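Asker: Here is what each chain is made of, one letter per residue.
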Amino acid sequence: MKKGIILAVTLLLGAGVWMAASFTTTEAPPLKVGDVAPAFTLKNVDGKMYPLREIKDANGNTPKGYVVTFTCNTCPYAVMYEDRIQEMHEKLSPMGFPVVAVMPNDIDVKPGDSLDKMKERADDKGFTFKYLIDEKQDVYPMYGASRTPEVFLLTPNDKGQLILRYTGAIDDNAQNADAVTVNYVEKAVKAVMSNQEPSPSKVKAIGCSIKVKK
Amino acid sequence: MLNKYLLVLMVVGLFTFAACQSNAAPKEAPTDTAPVEEAQAAPTTSAKTADYPFEIVTSFDQLAPIFNRDSDSTYVINFWATWCKPCVEELPYFEQLHDDFSGEKLKVILVSLDFAKDIDRKLVPFVEEHKLRSEVIALLDGQYNNWIDKVDPEWSGAIPVTVLYNAKERKFIGEQFSGYDELSGLVTDLLKT
Chain V
1 MKKGIILAVT
11 LLLGAGVWMA
21 ASFTTTEAPP
31 LKVGDVAPAF
41 TLKNVDGKMY
51 PLREIKDANG
61 NTPKGYVVTF
71 TCNTCPYAVM
81 YEDRIQEMHE
91 KLSPMGFPVV
101 AVMPNDIDVK
111 PGDSLDKMKE
121 RADDKGFTFK
131 YLIDEKQDVY
141 PMYGASRTPE
151 VFLLTPNDKG
161 QLILRYTGAI
171 DDNAQNADAV
181 TVNYVEKAVK
191 AVMSNQEPSP
201 SKVKAIGCSI
211 KVKK
Chain S
215 MLNKYLLVLM
225 VVGLFTFAAC
235 QSNAAPKEAP
245 TDTAPVEEAQ
255 AAPTTSAKTA
265 DYPFEIVTSF
275 DQLAPIFNRD
285 SDSTYVINFW
295 ATWCKPCVEE
305 LPYFEQLHDD
315 FSGEKLKVIL
325 VSLDFAKDID
335 RKLVPFVEEH
345 KLRSEVIALL
355 DGQYNNWIDK
365 VDPEWSGAIP
375 VTVLYNAKER
385 KFIGEQFSGY
395 DELSGLVTDL
405 LKT
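In order, the protein sequence lines correspond to chains V and S. Just so you know, the first sequence maps onto residues 1 to 214 in this note's numbering. Just so you know, the second sequence maps onto residues 215 to 407 in this note's numbering.
Bound-form chain V, shown alone (with noise of 0.2 Å):
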């Protein structure tokens, strides 16, 4: 019996440090298309705590997809992007495809990702959609995010698991909002309304690195 028990704690500690390690690598690797996206508990600009299953699309329905965005306020792409962050939620939370977005960045690398920045930029910009904080910078990781602007959209399967359904750009220009051929987003979310694999399902772009905590 005691020999059982030091084996399995030893067999926990040897796991702890694989996924220790696994998660402080710097290209941890993302989650792919079609894996279970775990659920997070963020606090937004407001204060307030958010459960990701618990926010809301525009008609306060259960939402039938998440367009979760790692975002920020100090990342250049990300502020090219971000009055088209906004018209995305506009755009898709009526339709139950919610934006949440997720500032990922350490805030003493990048004080002007503070929740106070970030609630100003929210309020200076009239963002009606959760702009949460991963302040412990243990959910990006989970993601295996890596820059921003970088999208990843969930969609709930019939286990109610969150299932990663497309991931990457917003879409293909990131210097022009007026000059984009292709809304991958929007593509992806009408793909998966009529119950189609999004395709493409991960486009790359050039984004600012996230800032881990020094």
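Since the hints were made in silico from the structure, they are not lab data. In this text, all values refer to a predicted model and were calculated from it rather than measured experimentally. Some hints here could point you the wrong way.
Result set (DMTMM-like, lysine to aspartate or glutamate): computed pairs, CA atoms no more than 20 Å apart in a straight line [what the hints assert, rightly or not]:
#1 K214(V) x E396(S)
#2 K32(V) x E368(S)
#3 K331(S) x E54(V)
#4 K321(S) x D403(S)
#5 K32(V) x D363(S)
#6 K364(S) x D172(V)
#7 K331(S) x D178(V)
#8 K159(V) x E54(V)
#9 K214(V) x D395(S)
#10 K213(V) x E389(S)
#11 K202(V) x E368(S)
#12 K214(V) x E303(S)
#13 K125(V) x D46(V)
#14 K117(V) x D46(V)
#15 K202(V) x D363(S)
#16 K213(V) x D403(S)
#17 K32(V) x D366(S)
#18 K136(V) x D106(V)
#19 K214(V) x E389(S)
#20 K202(V) x D395(S)
#21 K331(S) x D172(V)
#22 K202(V) x D366(S)
#23 K64(V) x D83(V)
With the hints as your guide, set chain S onto chain V.
Answerer: Coordinates of chain S only, in the frame set by chain V:
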């Protein structure tokens, strides 16, 4: 009973996490109060008439050959932008590398991902002000998804990243260097191959 072991696991996990973090986290310079992301000087040159101090390419295909040179040289290719603070922080390492290894067959190339609209008002002044000695190439191909994987499938798109290669070996560094020694160490190893 099980809870107790889970607790032990979590505590040990946390410690390991913290330990790894402190070792692995890049030692960035102290946060300064003037973010480089902010607009710098007003345009100093005209896009049409300027004689640029560096090459500008609009398609990744034009840049691609520098990743596949079949020669006895070693190449260090860094992706950066003037708006990217960790990139700007590590630029001096590449400049020092360029100087310290000037007697070796080493080529340092700094590929700027600054936006087209910022070439005149940010990149040109930056290159001139810092008197960059390494070769700079501005890449203006915004169809990122078409070429990021061609640089390296491991690359998520966040910058800075650096590719180091020669005929024998290739390395992809997906983050900021912790310091000059890390970069020069990698190059020294490559030069020995």
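Asker: Run every hint past the structure and note whether it holds.
Answerer: We went through each hint and held it up to the structure:
no.: 1; hint: K214(V) x E396(S); in the structure: holds (17 Å)
no.: 2; hint: K32(V) x E368(S); in the structure: holds (14 Å)
no.: 3; hint: K331(S) x E54(V); in the structure: violated (42 Å)
no.: 4; hint: K321(S) x D403(S); in the structure: holds (15 Å)
no.: 5; hint: K32(V) x D363(S); in the structure: holds (16 Å)
no.: 6; hint: K364(S) x D172(V); in the structure: holds (18 Å)
no.: 7; hint: K331(S) x D178(V); in the structure: holds (15 Å)
no.: 8; hint: K159(V) x E54(V); in the structure: holds (17 Å)
no.: 9; hint: K214(V) x D395(S); in the structure: holds (19 Å)
no.: 10; hint: K213(V) x E389(S); in the structure: holds (14 Å)
no.: 11; hint: K202(V) x E368(S); in the structure: holds (14 Å)
no.: 12; hint: K214(V) x E303(S); in the structure: holds (15 Å)
no.: 13; hint: K125(V) x D46(V); in the structure: holds (15 Å)
no.: 14; hint: K117(V) x D46(V); in the structure: holds (12 Å)
no.: 15; hint: K202(V) x D363(S); in the structure: holds (12 Å)
no.: 16; hint: K213(V) x D403(S); in the structure: violated (30 Å)
no.: 17; hint: K32(V) x D366(S); in the structure: holds (18 Å)
no.: 18; hint: K136(V) x D106(V); in the structure: holds (8 Å)
no.: 19; hint: K214(V) x E389(S); in the structure: holds (14 Å)
no.: 20; hint: K202(V) x D395(S); in the structure: violated (36 Å)
no.: 21; hint: K331(S) x D172(V); in the structure: holds (17 Å)
no.: 22; hint: K202(V) x D366(S); in the structure: holds (16 Å)
no.: 23; hint: K64(V) x D83(V); in the structure: violated (23 Å)
Of the hints listed earlier, those the structure fails to meet are numbers 3, 16, 20 and 23, in rising order.
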